[in-house]
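Asks: These protein sequences, in sequence, are chains Z and V.
For the first sequence, the working numbering assigns the number 1 to the initial residue and increments by one for each residue that follows.
For the second sequence, the working numbering assigns the number 1 to the initial residue and increments by one for each residue that follows.
Simulated from the structure, these hints should not be mistaken for lab results.
Source: prediction; values computed, not measured.
Hints are supplied without guarantee of correctness; some may be wrong.
Residues on chain V that point at chain Z, a partial pick, calculated with CB under 7 Å [stated by the list, open to error]:
(1) Glu-29
(2) Ser-62
(3) Ser-63
(4) Leu-66
(5) Gly-67
(6) Ile-70
(7) Arg-71
(8) Lys-91
(9) Thr-99
(10) Arg-100
(11) Thr-104
Every residue, glycine too, gets a C-beta built ideally from N, C-alpha and C.
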Amino acid sequence: MTGALFFSDSVFLENSCYKSIMTSKTPASYSIVVESRPSAIVSVFEQIQSKLVDHNFGKDDIFAVHLTLEEAFLNAVKHGNKQDPSKKVKVDYSIDADKIEISITDQGAGFQPETIDDPRFGENLFKPGGRGLLLMNSYMDMVKFNEQGNSVHMVRYKEKPFLSKNKSDNSDTQN
Amino acid sequence: MSTIQPNISVEYVKNATIVSFTDEKILEEKDINSLQESIMTVIEQAEQINLIIDFSHVKFLSSAVLGLLIRVSKRIYEHNGRLRLCNIDPKIYEIFKITRLTKTFDISKNVDSAVKELSHVK
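Input sequences plus hints: build the corresponding full structure.
Replies: So this is what it looks like as structure tokens:
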């Protein structure tokens, strides 16, 4: 229900995107509504990738965001919208110098993430599916679903190369 | 000897069949399905296959490919064959580690060591 309201209140057109920048300190935020088919994420990622590069995010960050987007988007299309071509997926994201935040919302009934089995143990290790959520949790610093379970909000903070290489020397980092 | 099929190339070295993924990114469902079909055909054509999957071109994959590998490995074991993966990019190896698939799959550094390991064991 929440998802349906979320969409009906929106004025987004298919594959449209708009950008809002409030002040110089507010992160740029974007919202895109795309068709519910797996390949629709390609152009969304390309857009996000160019913004990550603009904000000096490194290769590890880009790899992590790419993987997470693929997994979350496929979940939205397959498990959320159940491959229904009349449904849409909404991707909201914002980027600043330190982090990227992404929300992916589908028009499905939602699910409870705690009911998903851990794919790393027992028989699950030999099952073909069920690893998307684990990868999302592993590659993002925060992953949170709404109560209905049809919208996931994820945050990744930029890797700090100086800090990770030499923890005792923070003098070169900008914060 | 090398034959090109959509998304894979197949090569035969000693007693091993080497399948290389030729795409840098493996994401699209239809690509994954066609990959699976191609590999399953290679498995069915051989008796007790020693299959090496070479990832040297692959820079990015998602969990859907892990599912493909599990289905392939099951088919191979049903046919009493053996499977080794090799040339996995460190970033992709990390995905295998996170999902604990490093415990399920036999992974070699490169094709040469995979061929050696397959000729020693059994």
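Asks: Does each hint fit the structure? Answer for all of them.
Replies: Structure-based check of all given hints:
no., hint, in the structure
1, Glu-29, "5 Å, holds"
2, Ser-62, "4 Å, holds"
3, Ser-63, "4 Å, holds"
4, Leu-66, "6 Å, holds"
5, Gly-67, "3 Å, holds"
6, Ile-70, "5 Å, holds"
7, Arg-71, "5 Å, holds"
8, Lys-91, "5 Å, holds"
9, Thr-99, "5 Å, holds"
10, Arg-100, "4 Å, holds"
11, Thr-104, "6 Å, holds"
In terms of the numbered hints stated before, the structure departs from none.
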